[in-house]
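From first to last, the protein sequence lines stand for chains A and B. To get the working numbering, take the position in the first sequence, counting from 1, and add 382. To get the working numbering, take the position in the second sequence, counting from 1, and add 169.
Treat the hints with caution; some may be incorrect.
Unchecked claim - Simulated pairs of lysine to aspartate or glutamate, EDC-like, Cα-Cα distance not exceeding 16 Å:
(1) B:Lys594 x A:Asp434
(2) B:Lys594 x A:Asp423
(3) A:Lys426 x B:Asp300
(4) B:Lys379 x B:Glu419
(5) B:Lys608 x B:Asp300
(6) B:Lys379 x B:Asp433
(7) B:Lys617 x A:Glu528
(8) A:Lys428 x A:Asp443
(9) B:Lys407 x B:Glu243
(10) B:Lys273 x B:Glu250
(11) B:Lys617 x A:Asp583
(12) B:Lys609 x A:Glu529
To be verified - Sample of chain B residues at the chain A side, in silico, Cβ under 8 Å:
(13) Pro256
(14) Asn257
(15) Met367
(16) Val389
(17) Arg403
(18) Asn575
(19) Gly599
(20) Glu601
(21) Gln602
(22) Lys612
Worth flagging that the hints you see were computed from the coordinates, not collected in a lab. Where a beta carbon is used, it is the ideal one built from N, C-alpha and C, also for glycine.
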Amino acid sequence: MSTIKRKWVPYIFLSPYILLYVTFGFIPILFSLYVSFTSWDGIKDKTFIGLDNYIFLFNPDSYFFKSVGNTLLFIVMTLPFQMLFGLFIASLLYSRFVKWKGFYQLVNFLPYIVTPVAVGLMFNLLFDWQTGFVNKVLVLFGWVSEEIYWLGEPGYARFVIALMLFWKGFGYTMVFFLAGLANIPRDLYEAAQVDGASAFDMFLRITMPLLKPVITFVLITGIIGGFQLLEEPMLLLGGFGGGGSAVIGGPDRCCLTTVWNMYDTAFGSTTRYGLGSAIAYGLCMIIALASVTGYKFLNRGEQE
Amino acid sequence: MLNARWMRRLGIILAFTMLVGLLAACGGNGDSSSNSNNTNAPSGGTSDGKKDATAPQSDEALQGEFTLWSWEPEHPTALAEFNKKYPNIKMKVVNVAAGDILTKLQTTVASGGELPDVIRIERDPKVKIFDMDIFENLEAEPYMADPTLLFDFDHETFSKDGHLIAIPDDMSISGIAYIKDLTSKYWGTDNPEELEAMFPDWDTLLEKGKEVVQESGGEVKLFPGLGDVYTIIRGQRKESFFDGDKLNTEVLQGIITSLVKFRDSGTVDKLDQWTPAWNASFGGSNYIFAMSPIWMPQYVIGPNDKADARWGLMVPPAGGYIKGGSSHAIPKEAKNKELAWKWIEFSSLTQEGANALKEDGVFTHYKRAYDDPTFSNWTWPNFGTQDIGEKFFVDIAAVTTDVSENVNDVVLGDAMNIVIQTLAKDKSFGVEQAMDRVKKEIKAKEPKIIIE
Chain A
383 MSTIKRKWVP YIFLSPYILL YVTFGFIPIL FSLYVSFTSW DGIKDKTFIG LDNYIFLFNP
443 DSYFFKSVGN TLLFIVMTLP FQMLFGLFIA SLLYSRFVKW KGFYQLVNFL PYIVTPVAVG
503 LMFNLLFDWQ TGFVNKVLVL FGWVSEEIYW LGEPGYARFV IALMLFWKGF GYTMVFFLAG
563 LANIPRDLYE AAQVDGASAF DMFLRITMPL LKPVITFVLI TGIIGGFQLL EEPMLLLGGF
623 GGGGSAVIGG PDRCCLTTVW NMYDTAFGST TRYGLGSAIA YGLCMIIALA SVTGYKFLNR
683 GEQE
Chain B
170 MLNARWMRRL GIILAFTMLV GLLAACGGNG DSSSNSNNTN APSGGTSDGK KDATAPQSDE
230 ALQGEFTLWS WEPEHPTALA EFNKKYPNIK MKVVNVAAGD ILTKLQTTVA SGGELPDVIR
290 IERDPKVKIF DMDIFENLEA EPYMADPTLL FDFDHETFSK DGHLIAIPDD MSISGIAYIK
350 DLTSKYWGTD NPEELEAMFP DWDTLLEKGK EVVQESGGEV KLFPGLGDVY TIIRGQRKES
410 FFDGDKLNTE VLQGIITSLV KFRDSGTVDK LDQWTPAWNA SFGGSNYIFA MSPIWMPQYV
470 IGPNDKADAR WGLMVPPAGG YIKGGSSHAI PKEAKNKELA WKWIEFSSLT QEGANALKED
530 GVFTHYKRAY DDPTFSNWTW PNFGTQDIGE KFFVDIAAVT TDVSENVNDV VLGDAMNIVI
590 QTLAKDKSFG VEQAMDRVKK EIKAKEPKII IE
């Protein structure tokens, strides 16, 4: 009897979290699944329309796949570089060549803790077509004959966003790689040195294999974070003057990410909660698929 | 054993207390909002605010508190005057950013939360908010608002189903401002009436503009961007873009054709509105004209141009237009409707309110106030001694119209933003392509819209 009672005690202590999760996580998830099968503007009655919202995602007029493609492009343009550069900086900081390690760790990590609003505003001012610092420098040194319309041309706008994400994100990967490096026993390197291994050999055959769990973690969280991209492009391209003349998704919708598309559909230029929910579920499926693929890719050797 | 049992009981009690605490914290309503504040609390006021909205009462007998959602403090002078007249009515302002009003309304209605007694609504999201069908008919009992007290162009704009559901607060009548040195240099005059006579229509202005561009070697143009041109000619249209869910393609095509004509004339630069470069352009001398709603001198030209008397104001070719402004509306579910109405009525539909608003730098939509010619007298340092109040309220108001909009205009507005951006950067992008692009965008966003 007493044992049975004792079994309930942990659940009672866990109940605040469980209750909060059910109230603010699980029920909304189920509710938005239901909403995704309806046509609803949040005010009038919901109309059940079956799979119409999901079918519309595959409609050529819909921006769903374009937004998924844009988001994937940003992930491909930034995540590998964030990881490579983060690993490079972490290796440098972990080596014996660098002094003031704490200072450099902080300097490299600082961009990550800058609020997205400030980042968007900062890059907007840097890359402004007429008053931006970047164009001023390029024109001053004669590298370009006239100012580049950074935020008005699809290619340039994507480049600016990728640069912004890279700048903001490499410090985050660096911190994880530093922690991973600290967990590799020094003995392995000493033994390798005794055996005459070069620094490159040690990096390739000791550091990289032992960093694999960290690499997997950074990759998976990077993919998930990448698919959730919203604030930075929205603040960079969405305008901050309040005039309502900014183009949603940037020039030619080239930077319309999936979450931005969902936000705009449900709360922006239209209030189609049903379609917005369907986009959210579509995004959820894609994140799950990408995460599993990334995980399988990294662990393919172990499975064999 | 006893200890263990007590410890278990204590644990259960603690966990239960935590649960209750958490749930209590999740509850609550707008009244406990941390970003709200009480304004001009008079003595003797009660907070329940429960009143019979139909029973006429004396000014002092009305007592209670009403809640207002707004992104800025209400007009201080007008509020002080209101509190003199109604000493027992309190206003509680809950700060909601202008861009968040729509979302906050949607979530509050969807969750069954408590709506405020009055909401300030900006023009841009107005059609979507009006479409929610949550506001009182202000022409019905107990409000009995008289539409003839407002300007004619207000009726369509602030009505739904043929009756007023919001009362406009600040004026949004608009003309065009010009840099006097530039008009003197290129056209020999900075007199607004002479310029108006010189440019009766846009085609004439465009022809003259081409000469200016040629003469200045491309240094001086008419407007900073196509967005400014669109704001003006869109506001001047005589018919709505939509008849229900049907797009009026003729009206749209006419406007796009004008935009292409402006673009091809080479008299318009490529600045996007509301960007730092656009703001900075008001301090320079590269663009002769600027769109100029009535709030522009105070909020845009003034802060960006420190020089006095450089600007003039004129009636645009083809007439005035409406841009911006805000209004007040009362939700059907509001608890203190009568108190909220008293504020709207006082501030927007009385001479006392009009005078007080003017002291706060706001011009009323209360038409009778302008019967007194001195009421509209208004000068602003950037415009020197020109009576821009008279220009706005006499000359421009006489040739200003407005058309009704519906929720589909928001979708079109977004599509037009992308069209304007593409027009500005791609000279091969013509009327046909622009129309196709608009149709494609509309189909992607709101398939129910009918395009023929």
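Against the structure, the hints:
1. At roughly 37 Å between alpha-carbon atoms, B:Lys594 and A:Asp434 are farther apart than 16 Å, so this suggested pair is violated.
2. Restraint check for B:Lys594 and A:Asp423: not satisfied, since their Cα atoms lie roughly 36 Å apart, outside the 16 Å limit.
3. Proximity of A:Lys426 to B:Asp300 is assessed by CA-CA distance (about 10 Å); at most 16 Å being required, the pair is judged to hold.
4. With a CA separation close to 27 Å, the supplied pair B:Lys379 and B:Glu419 exceeds the 16 Å bound.
5. The suggested pairing of B:Lys608 with B:Asp300 is violated, with an alpha-carbon distance near 23 Å, which exceeds 16 Å.
6. Between B:Lys379 and B:Asp433 the alpha-carbon distance is near 10 Å, which keeps this suggested pair within the 16 Å criterion.
7. With a C-alpha separation of about 44 Å, the suggested pairing of B:Lys617 with A:Glu528 is violated against the 16 Å cut-off.
8. This hinted pair does not check out: A:Lys428 and A:Asp443 have alpha carbons roughly 24 Å apart, beyond 16 Å.
9. This hinted pair does not check out: B:Lys407 and B:Glu243 have alpha carbons roughly 33 Å apart, beyond 16 Å.
10. Proposed proximity of B:Lys273 and B:Glu250 is contradicted: the alpha carbons are some 30 Å apart, above 16 Å.
11. Restraint check for B:Lys617 and A:Asp583: not satisfied, since their Cα atoms lie roughly 63 Å apart, outside the 16 Å limit.
12. A C-alpha spacing of about 31 Å is found between B:Lys609 and A:Glu529, which places the hinted pair above 16 Å, so the restraint is violated.
13. Of the supplied interface hints, the one on B:Pro256 is violated, with its beta-carbon coming no nearer than about 36 Å to a beta-carbon of chain A, more than 8 Å.
14. About 34 Å separates the beta-carbon of B:Asn257 from the nearest beta-carbon of chain A, more than 8 Å, and the hint is not met.
15. At about 29 Å, the closest approach between the beta carbon of B:Met367 and any beta carbon in chain A exceeds 8 Å, and the interface hint on this residue is violated.
16. The closest approach between the C-beta of B:Val389 and any C-beta of chain A is roughly 16 Å, which is over the 8 Å cut-off, so the hint fails.
17. Among the interface hints, the one on B:Arg403 is violated; its C-beta lies about 11 Å from the nearest C-beta in chain A, farther than the 8 Å criterion.
18. Contact between B:Asn575 and chain A, as hinted, is not supported at the beta carbon level, the nearest pair being about 13 Å apart and thus beyond 8 Å.
19. Below 8 Å, beta-carbon pairs count as interface contacts, and B:Gly599 has none with chain A, the closest being about 17 Å; its hint is therefore violated.
20. Interface hint at B:Glu601: violated, since its Cβ lies 18 Å from the closest Cβ of chain A, which is beyond the 8 Å cut-off.
21. Taking 8 Å as the C-beta cut-off, the interface hint given for B:Gln602 is violated, the closest approach to chain A being about 13 Å.
22. About 4 Å separates the beta-carbon of B:Lys612 from the nearest beta-carbon of chain A, less than 8 Å, and the hint is met.
In terms of the numbered hints stated before, the structure departs from hints 1, 2, 4, 5, 7, 8, 9, 10, 11, 12, 13, 14, 15, 16, 17, 18, 19, 20, 21, listed from lowest to highest.
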